[in-house]
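With the hints as your guide, set chain B onto chain A.
Here's the letter readout for the chains.
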Amino acid sequence: MSSTDTAAVLEKDASDSAEVGAGLDVLDGVAARGAPIARIVRERALPPLIVVGLVLGLWQLVFVLGLTDADKLPGPAMVWHSLDELWCQETLLPIVWTSVWRGLSGFLLAVVIGTPIGLVVARVKPVRTAIGPVLQGLQSLPSVAWVPAAVIWLGPDNVAIYAVILLGSVPSVANGLVAGIDQVPPLFLRAGRTMGATGLAGVRHVLIPAALPGYLAGLKQGWAFSWRSLMAAELIASSPELGLGRYLQSRREAADMPGVLLGILLILIVGIAIELAFMAPIERHLLRDRGVQDADR
Amino acid sequence: MTPVLTTPQAVTGRVAGGVPAVRISHVHKSFGRSGARTHVLDDITLDVAPGEFVTLLGASGCGKSTLLNLVAGLDKPSRGSIEVPGGRPALMFQEHALFPWLTAGKNIELALKLAGVPRPERRAEAERLLELVRLAGAYGKRVHELSGGMRQRVAMARALAQGSKVLLMDEPFAALDAITRDVLHDEITRIWAERQLSVLFVTHNVREAVRLAQRVVLLSSRPGRVAREWRIDLPQPRRIESSGVADLSIEITEELRGEIRRHVQH
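Just so you know, the sequences run in chain order A and B. Residue numbering for the first sequence is 1 to 297, as defined by my numbering. Residue numbering for the second sequence is 1001 to 1266, as defined by my numbering.
For reference, chain A alone in the conformation it holds in the complex (with noise of 0.2 Å):
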């Protein structure tokens, strides 16, 4: 039989096994579904609402039972109204946004420092010999401790409050690419030999996005460190832009309380919010696309 005539049997004889293919495809095939944009109100937003409505409740009725002292802690009302006032003399936004930009800079400041060297520690045995454990240990030391030497080494200024936020934050990006490196399957890597992608296109066409679950985990915990470190480092360090972490010492110097808890609500309301809208939708994409998680979990 020439080669030819062999092609053709062949293909009718696949061509019956196609609709054996085809018909299996549809029974073993995973269809995408979305969700109701209702439903994930009442499952995602719902619940953390709930709670948030009890804890202020809770709040408001130690405060009217009078079961503490109002001086240590004023009622919500109270608090509320230290903000309407941040709000009318017009710096409640200038203070809230010198803390998130020098956060935010910061944070991506330590994503450009801390992703070549997590690449370098993962991929260069003698350097992740030497370093690695420094960068782990780095992550267990309370950025607050560098504060008084950065203070001393590099002024009172915006220089010593980025050194604290670097310090604090290149280590968890750092050992996110790291561990996410690690766990790439050693598959993906024959896998991409095999197609040609070696060196820096082996890097950049498979361990890298191979990676990225890893590295997005060690980029949120970088952007909490960041905030932390910055919040310590406006605490103690002094800079002419009036911070939060500046706002609520000056509340404490005042002895206003409603002002240091409200200093307090914001610092947190605002690494939350941070976290919701740029991580975690990255996040959710990322793994949504490689079916590590339902579309509408």
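Treat each hint with caution, since some may be false.
Taking CB as the label site, the calculated pair distances span [to be verified]: (1) B:A1246 to A:V120: 51 to 59 Å; (2) B:R1257 to A:L27: 51 to 59 Å; (3) B:R1195 to A:L27: 23 to 31 Å.
What the hints contain is simulated information worked out from the structure, not anything from laboratory work. Bear in mind that the values here come from a model prediction, so they are computed numbers and not experimental data. All C-beta atoms, glycine included, are put in the ideal place defined by N, C-alpha and C.
Showing chain B alone in chain A's frame:
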């Protein structure tokens, strides 16, 4: 009954005449440091002719996957040489090894990109390859949305996207159910003939080896050596349950079991 047309060959492993698609010459492979060295492959000599479909058959420990890795260039032989004159061969694994961060189509396009296909041509070529494996609508599908059989078909398309005429397959259908495997046997046979590929297919499934191959090479285990080979002249398309395939499978299984029995310690 179809006569079983087999020609027991002298174990030379060489194909007469012409430049082979794959030439494996006196290859040895050992792992571990001296003292605790494991000799995995022992003097393997084997050619795959252009357009030939060869299955490598053996029990576990025969080093068939190791041999495939050597041919793929993922590892180097301890001694001997491997030549693939057509350039880097494509390799398919038991697991699909598709990248979950890319769609089916983009997985194929990445292989095209790495093979140097210019960007404007990639999309159309990826669609063509998906059509070839009968997944015309799957371009935008994520890997997790595909069934096991569909994944292996995309993996096949991605392997073909590398543009090599030599396709290495490492038990690519072992993790699939029997019905899906049957369908994919038909598909790979069709694509092999259509594209005139040279295939080196590793399996421990005797019937699968006979169903697909023009030549079945039996490796002995620990260390792996070419024990025997059969040329299979049954016409394609074959059915895995046909008597021709069954009869030859019985003969080869006997031989395989004999090889395995040699390892019983008396």
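Which of the listed hints are not met by the structure?
2
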